[in-house]
Amino acid sequence: MLGDVTISAIGRGTLFAWRELGGITILAGQVLRALLPPRLDGPELFRNLYRMGNRSLPIIALTAFFVGGIMVIQAGVLVKQLNAAGLVGWGAGYAIFREVGPMLIALMFSGRVGSNNTAELATMTVTEQLDGLRALAIDPIPYLVVPRVIAMTVSLLCLVVLGNLIALYGGAFFAMFLLDLEFSTLYYSLVDNIGWLDFVHGAIKAAVFGSAIAMTSCYFGISVRGGAVGVGKAVNAAVVAAAISIVTLDFLLTAVLP
Amino acid sequence: MTSSATPSSLIEFRDVHKAFGAKRILQGLTMEVGRQEVFFIIGTSGVGKSVTIKHLIGLLRVDQGEIHFDGERIDNLSEKHFYPVRKRIGMVFQHATLFDSMSLRENVALPLRKHQGLGTKEALAKSDELLERVHMGNFAHSSPATLSDGMKKRAAIARTLAMEPQVVLFDEPTTGLDPVNARRIDRLIRELSDDLGVTSIVVSHDLPSIFGIADRITFIYQGKAYKSGTRQDFEQSGDPIVRQFISGNSHGPMETPGF
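Protein chains in written order, with the working numbering: chain A, 113 to 370; chain B, 27 to 285.
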């Protein structure tokens, strides 16, 4: 039987979640409105594309390379038992394109770029820099938020595409050296069984995850209250919300997409 | 949108009330600011000086009362309709609020790019001129994070001037500065009025500033304009509360929040 305290805690948590979800939805509406017609700041967009996309590439590439290796090593035992070397390329490619690539890279991206974005916007908010922008008659949504949403969505999409390729190379590398498989076996297993749909499935997920990370990180950044302590809480909330969003959206997209 | 504000007054607060939760800050503030004046709003900390000027650019909204600017009522404007007002009323914040991700010249160029339709090169060239005007030309390529508070405030003034505003609001512009830099800021504020015809509203409790450059002063006490007048009016005032503020005496009739 639930006590009053537990029921109160559940109620508070539910209200909090709905309030934050409502806030994110309103922000998403404001972002969409700012895009019709597009009112973008070019320098701010390119600055964000560079620091969010280009500068994330090394860490994403390193992670993807070893993820590919992990996939092959995990499959290796079963492959040897069943003598099914011809399935390694397909198995690794299918999992990487559709699931592991988008999700792991999105979680890495959220930790590196999303948290940084929240901290930056939250600091700007508590130090009145957002009010400073409004005082300059510059709306922070088109100027600050929209370029970040576009940059994060585009960056994650590109990083997932590149990361998937690197993960496949990583898988091939470890398969050749640890499982003694021929590169041609892996290659034909992949190209004969993986279709464009698998690639597009992962790309759609990447774009949706990128938008979700962008919206949550921007929302918690600009709605922060309470100085330095508030900035820490905002970053924490943004990372948790992004992770929940990624997993939930992944479930929904996996169920809906072909 | 029209008002019956007197033609000589540029800005008028009429019976303005503002509270944050149970804390009542403004409790019927009424005051007028004339054109091209250097107008000081003074009072003890927490009395609502910064709150008052933030209403003028819509960063805060009144609970009750009216604010008129240049013959138009502005307190009831939507956020969208406040943007044209913000192009005419600039604000220099207490902590300058320059963007650390940009150099000083890029900070100053931002409103030029956004509002005057200038390309990046033209905007940067004009921002260099504005930084020269506030004697910060040598630091145009510096990041705000590497500069002193006084330098940041001068750069923030240059950025506000890029808007070519009719009115500039200064929130405690000399707080935390050494006397030399504080007087430099004072001189800049005076020059804006004398040379460019800008109306300046300065929130301060820095007495050398107040008695050095103010044309008129309003003293806020208990949420209202307790006394308004010229420097001379304040210097010669016999009111015990005004006298206590000016003398900085901790003993007297003035009730201060938190004490």
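Possibly wrong hints are sitting among the right ones.
[Said to hold, decoys possible] Heads up, incomplete: computed chain B residues facing chain A, CB under 10 Å, no partners named:
1. Val118
2. Thr172
3. Thr186
Calculated from the structure, these hints are not laboratory results. Just so you know, even glycine gets a beta-carbon here, dropped at the ideal spot from N, CA and C.
| query | Which hint numbers doesn't this structure obey? | reply | The structure breaks only hint 2.
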